[in-house]
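Asks: Counting from 1, one number per residue, gives the positions in the sequence shown under this note's numbering.
All the pointers check out, no bait thrown in.
Label-pair ranges, simulated between beta-carbon atoms:
hint, residue 1, residue 2, range
1, Asp89, Glu52, 34 to 40 angstroms
2, Asp46, Val6, 28 to 34 angstroms
3, Gly85, Met38, 25 to 31 angstroms
4, Lys39, Glu96, 32 to 38 angstroms
5, Arg55, Asp89, 32 to 38 angstroms
6, Lys112, Leu8, 54 to 60 angstroms
Think of the hints as simulated: they come from the structure by calculation, not from any bench.
The C-beta atom is built at its ideal place from N, Cα and C for all residues, glycine as well.
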Amino acid sequence: MRSKAVALLLSDLGVTGTHGRPYTSNDNPYSEAQFKTMKYRLEFPDRFRSIEDARSFCQGFFEWDNKEHRHSGIGLLAPEVVHYGQAQDVRQRMEETLLRAYGLHTERFVNKAPKPPELPKAVWINKPDSEEKSDATLH
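Please take these sequences and the hints and turn them into a complete structure.
Replies: In structure tokens, the structure reads:
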């Protein structure tokens with residue numbers, strides 16, 4: 001991550017570097033969180049027997065993480081739902097389901113009707129000083 005050759009390659013490919021924390025190039029909170037999720041999966045082995053086993057595990061893990069796993073940072077939605085612009089529709093269906101459950105069993109809900117988490121307007125590694133500097137908002 002620190003070699004000039006890698007930096008030049010990334011530049012040639014048009015890849016913009018991001019940093020998890022200022023002046024910390026090897027810390028990305030998204031990849032750190034994903035690695036923790038991976039390690040806590042029941043099927044994560046103590047050790048992979050080969051690189052092929054590791055690749056096979058990771059293919060299944062990334063499929064699950066992107067399509068099925070609900071992420072708290074994006075309103076308990078799967079990344080695929082957000083990526084393909086389905087977040088508002090899915091959240092609306094979640095809200096309707098919760099309201100039906102509330103109507104059927106109000107005794108289970110102490111204070112008020114449940115609501116799904118709000119969707120964030122944007123997700124950041126390092127939030128820019130002003131929101132005009134970035135167009136990385138969720139749709």
